[in-house]
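These protein sequence lines map, in sequence, to chains A and B.
Residue 232 is where the first sequence starts when you use the working numbering, and the numbers rise one by one after that.
Residue 232 is where the second sequence starts when you use the working numbering, and the numbers rise one by one after that.
Source of the hints: derived by calculation from the structure; they are not laboratory data.
Small disclaimer: the values here were computed from a predicted structure and weren't measured.
One thing to keep in mind: the hints can contain errors.
For identical chains, the list gives no copy identity; a pair is met inside one copy or between any two copies.
Straight-line distance between alpha carbons at most 25 Å, and here's what the computed BS3-like set of lysine-lysine pairs gives [claimed, not checked]:
no. : residue 1 : residue 2
1   : LYS234    : LYS338
2   : LYS453    : LYS405
3   : LYS478    : LYS429
4   : LYS338    : LYS233
5   : LYS552    : LYS577
6   : LYS338    : LYS623
7   : LYS442    : LYS233
8   : LYS391    : LYS623
9   : LYS558    : LYS269
10  : LYS577    : LYS504
11  : LYS599    : LYS404
12  : LYS442    : LYS504
13  : LYS504    : LYS611
14  : LYS499    : LYS623
15  : LYS338    : LYS558
16  : LYS599    : LYS269
17  : LYS391    : LYS558
18  : LYS505    : LYS360
19  : LYS375    : LYS435
2 protein chains.
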Amino acid sequence: MKKILAELLTIGDEILYGQIVDTNSQWMSVELDKMGIKVIRKTTVGDVESEIMTAFAEAEQRADVILITGGLGPTSDDLTKPVLANYFNCELKINEEALAEVTEFFKSRGRELTELNRQQAALPTACIKITNPVGTAPGMWFDKGDKIFMSMPGVPHEMKMMMTEHVLPRIRKKYQLPVIHHKLIRTIGIGESFLAEKIAEWEKALPSHIKLAYLPSLGEVKLRLTGFGTSLPELERDTNEQIESLKPLINPFIYGYGEDPIEVVIGKTLREKKLTLSIAESCTGGYLSHLITSVPGSSEYFLGTMIPYAYEIKMRQLGVKPETLEKYGAVSEPTIIEMANIVRAKFSTDIGVATSGIAGPGGATPDKPVGTVWIAYSDKHHTVTRKLQLSKDRMINIRLASVAVLNLIRQSLPEVK
Amino acid sequence: MKKILAELLTIGDEILYGQIVDTNSQWMSVELDKMGIKVIRKTTVGDVESEIMTAFAEAEQRADVILITGGLGPTSDDLTKPVLANYFNCELKINEEALAEVTEFFKSRGRELTELNRQQAALPTACIKITNPVGTAPGMWFDKGDKIFMSMPGVPHEMKMMMTEHVLPRIRKKYQLPVIHHKLIRTIGIGESFLAEKIAEWEKALPSHIKLAYLPSLGEVKLRLTGFGTSLPELERDTNEQIESLKPLINPFIYGYGEDPIEVVIGKTLREKKLTLSIAESCTGGYLSHLITSVPGSSEYFLGTMIPYAYEIKMRQLGVKPETLEKYGAVSEPTIIEMANIVRAKFSTDIGVATSGIAGPGGATPDKPVGTVWIAYSDKHHTVTRKLQLSKDRMINIRLASVAVLNLIRQSLPEVK
Chain A
232 MKKILAELLT IGDEILYGQI VDTNSQWMSV ELDKMGIKVI RKTTVGDVES
282 EIMTAFAEAE QRADVILITG GLGPTSDDLT KPVLANYFNC ELKINEEALA
332 EVTEFFKSRG RELTELNRQQ AALPTACIKI TNPVGTAPGM WFDKGDKIFM
382 SMPGVPHEMK MMMTEHVLPR IRKKYQLPVI HHKLIRTIGI GESFLAEKIA
432 EWEKALPSHI KLAYLPSLGE VKLRLTGFGT SLPELERDTN EQIESLKPLI
482 NPFIYGYGED PIEVVIGKTL REKKLTLSIA ESCTGGYLSH LITSVPGSSE
532 YFLGTMIPYA YEIKMRQLGV KPETLEKYGA VSEPTIIEMA NIVRAKFSTD
582 IGVATSGIAG PGGATPDKPV GTVWIAYSDK HHTVTRKLQL SKDRMINIRL
632 ASVAVLNLIR QSLPEVK
Chain B
232 MKKILAELLT IGDEILYGQI VDTNSQWMSV ELDKMGIKVI RKTTVGDVES
282 EIMTAFAEAE QRADVILITG GLGPTSDDLT KPVLANYFNC ELKINEEALA
332 EVTEFFKSRG RELTELNRQQ AALPTACIKI TNPVGTAPGM WFDKGDKIFM
382 SMPGVPHEMK MMMTEHVLPR IRKKYQLPVI HHKLIRTIGI GESFLAEKIA
432 EWEKALPSHI KLAYLPSLGE VKLRLTGFGT SLPELERDTN EQIESLKPLI
482 NPFIYGYGED PIEVVIGKTL REKKLTLSIA ESCTGGYLSH LITSVPGSSE
532 YFLGTMIPYA YEIKMRQLGV KPETLEKYGA VSEPTIIEMA NIVRAKFSTD
582 IGVATSGIAG PGGATPDKPV GTVWIAYSDK HHTVTRKLQL SKDRMINIRL
632 ASVAVLNLIR QSLPEVK
């Protein structure tokens, strides 16, 4: 089977000058990779006719699928449409269906259709119009022998919807693509190199049609297994078999197999078990609560937080005993235990968690360097603590300490009745 | 003066497959743009010799300055070095100075130098070695007539340090570049299109050697004035003159002229005025406190937060009157006023601020749609409230409401004694 090759072409001065970051091409890469299409090049050029023409011709030499974003706005510096018409040797003409769609788009928002907006319905006659359900610039699909050019708006949510609903299905129809099956294994609480060491033998023994990728981010590592073949049920069986033999090696670190990040996984468990959570966070300064409340519906299980940033607030508002603070300091096991227990009792929740540490750059002492963090979990049965030694970087410490608490909740939850 | 053109070349399969986002090229674009060098293309290719060779040759056709990142690791899939040696028709040889540096790098970290690490000091003989003070892969500078090729590691902080300390100064020396002066004007609390309307006349009257760019982000808009000329003092005078005539048009929205974001500006003001802050945040769920505490040293003025996410916590822990909540609801002016006043009193701070709203997607009522948010500011002299009608998107609402509170603090602070 011939491997289908793709090139991603981004058009716009604002990307060349660094005014915006191109996040579109990463998303597109991932989607194409999942389908078994190989991205061989990404190119960004400015709003200059000759540059765009050259980029089209070069891409056509190299790739089968050329996906273009940007340069479709209604103003005169947006050149993608006239250049496409030129490249495909045809004219720009009002597409009646596109005109009806853009008219409806403005009408439904109670806005007038200006002549500038009307021109958004002018398309190269050689293209197949692709509907843009969430914006005013239609997409344009061009067949050229075995190759295709597809032009889309640069606005991320418009591009994504167009890709998902129209472009990817069309590409699947046009080309004979390999059957591919992906399976994600989400791990937390173990660094990439330690993980790699634990699974080295298993990785070496993977059959040749199953590939492994490490996808690390701050505080977690995702493993992605990809099976290539001709039968989806066989691939599902094969990857599942591999996962079954992987599990015993790293089971304590696996927290999921899907798209849900740790804060969503924990939210689902809390909801299922009908448990409630409260937080006393000091060094994480609100970020832990932000992770928890970034999940829609979190008000079902998350009741509230106290951030006792100052010493007096730890005593007077939260209620940590002055003796404890004086004897052991704010960054200590006795203090963190009190913090988690008190917030749980005060807020009348099933679970209370707490953080206290030196996020940095200031605040270090000889025995408590920057990056020293205590975290605790408390429920009616037990209180669990962990001491973390993190980095020198404030933002990294805030993120890692928060993720460590989420992991501590995950580890401790199964025991709560 | 001839315009100097640059091309940015990123090498690595992990970017083509979407496993990581390339943030390097945006940073480099901004730095080059500031110097008056025009980036005309960005290209990403995979770890394939022929692809890299072609990309080198194409870039040399188009640009004067070719900046290459990635592909410098010690493993066999990293090809940039051998391909550079091939392209410049020379051999790879251990560079004694580079070897000394990489040996020292490992020694200072108490680690053994393996043969693989030793090979990081092997460089194409045609290059000038550029020191990497924070990593093991040296940079390589190649002069080719009027053009230069510069190869750097893909690790962002290594690339940035190498660029700032060595590459940009060298480029400045090699080429005759225009004298450029940038000035940033940071605004908050006004949308891009309203801002554009207010300053349309002023913008039209800008002299031709001063350009204006809009740099919008969620909750604020930065304006960047760039002056091009031959004398820096003249450009400084010219841009300052323009800013003086801009000020009366949008003064209430300007919060700064430098690199400090709003949370840093507010932190500085609070510190200077020796004022303390506490927060009662509901719908923003910790994000407002996170913004405040992301600033190093914020413990000097920020004492703590209560996040009364649940109705009962608003009453029992924070102390909002049950009558107020019952009569007006949690998302109301009377409630937000109590929240700000109570947290200020409880935490004994000079200033108290509060948020309460419907972040979405759930929780809306007919008269309080998703995106309805009340915010309040309280000090000993007065309490100020604002009602916001934000978006349908939970994360956008959390961000915009938090930024609106920061702006409310900024607007209210001058009156506190």
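Hints, one by one, checked against the model:
1. For the homomeric pair LYS234 and LYS338, neither the shortest alpha-carbon distance inside one copy (45 Å) nor that between copies (46 Å) is at most 25 Å.
2. Proximity of LYS453 and LYS405 under a CA criterion of 25 Å is satisfied in neither setting, with 32 Å inside one chain copy and 45 Å between copies.
3. In this assembly of identical chains, the alpha carbons of LYS478 and LYS429 lie at most 25 Å apart only when taken from the same copy (11 Å versus 61 Å across copies).
4. Taking the shortest Cα distances, LYS338 and LYS233 never come within 25 Å of each other, neither inside one copy (47 Å) nor across copies (50 Å).
5. Taking the closest pair of Cα atoms, LYS552 and LYS577 come within 25 Å of each other both inside a single copy (15 Å) and across two copies (18 Å).
6. For the homomeric pair LYS338 and LYS623, the shortest alpha-carbon distance between copies (20 Å) is at most 25 Å, but the shortest distance inside one copy (55 Å) is not.
7. For the identical chains of this complex, LYS442 and LYS233 are intra-copy neighbours only, at 19 Å inside a copy versus 50 Å across copies, given an alpha-carbon limit of 25 Å.
8. In this assembly of identical chains, LYS391 and LYS623 lie within 25 Å of each other by CA distance solely across copies; the values are 18 Å between and 38 Å within a copy.
9. For a Cα distance limit of 25 Å, the shortest separation of LYS558 from LYS269 qualifies neither inside one copy, at 61 Å, nor across copies, at 61 Å.
10. With identical chains, the CA atoms of LYS577 and LYS504 are at most 25 Å apart within one copy only, with a shortest distance of 21 Å there and 34 Å across copies.
11. Taking the closest pair of Cα atoms, LYS599 and LYS404 never come within 25 Å of each other, the shortest separation being 61 Å inside a single copy and 46 Å across copies.
12. Proximity of LYS442 and LYS504 under a CA criterion of 25 Å is satisfied in neither setting, with 36 Å inside one chain copy and 59 Å between copies.
13. Taking CA atoms no more than 25 Å apart as the test, LYS504 paired with LYS611 passes inside one copy only; the shortest distance there is 15 Å, against 45 Å between copies.
14. Taking the closest pair of Cα atoms, LYS499 and LYS623 come within 25 Å of each other only across two copies (23 Å); inside a single copy the shortest separation is 33 Å, beyond that limit.
15. For the homomeric pair LYS338 and LYS558, neither the shortest alpha-carbon distance inside one copy (69 Å) nor that between copies (39 Å) is at most 25 Å.
16. Proximity of LYS599 to LYS269 under the C-alpha cut-off of 25 Å is found in neither arrangement, the shortest distances being 49 Å within a copy and 48 Å between copies.
17. Proximity of LYS391 to LYS558 under the C-alpha cut-off of 25 Å is found in neither arrangement, the shortest distances being 56 Å within a copy and 44 Å between copies.
18. Neither within a single protomer nor between protomers do LYS505 and LYS360 lie at most 25 Å apart by alpha-carbon distance, with minima of 50 Å and 62 Å respectively.
19. For a Cα distance limit of 25 Å, the shortest separation of LYS375 from LYS435 qualifies neither inside one copy, at 42 Å, nor across copies, at 44 Å.
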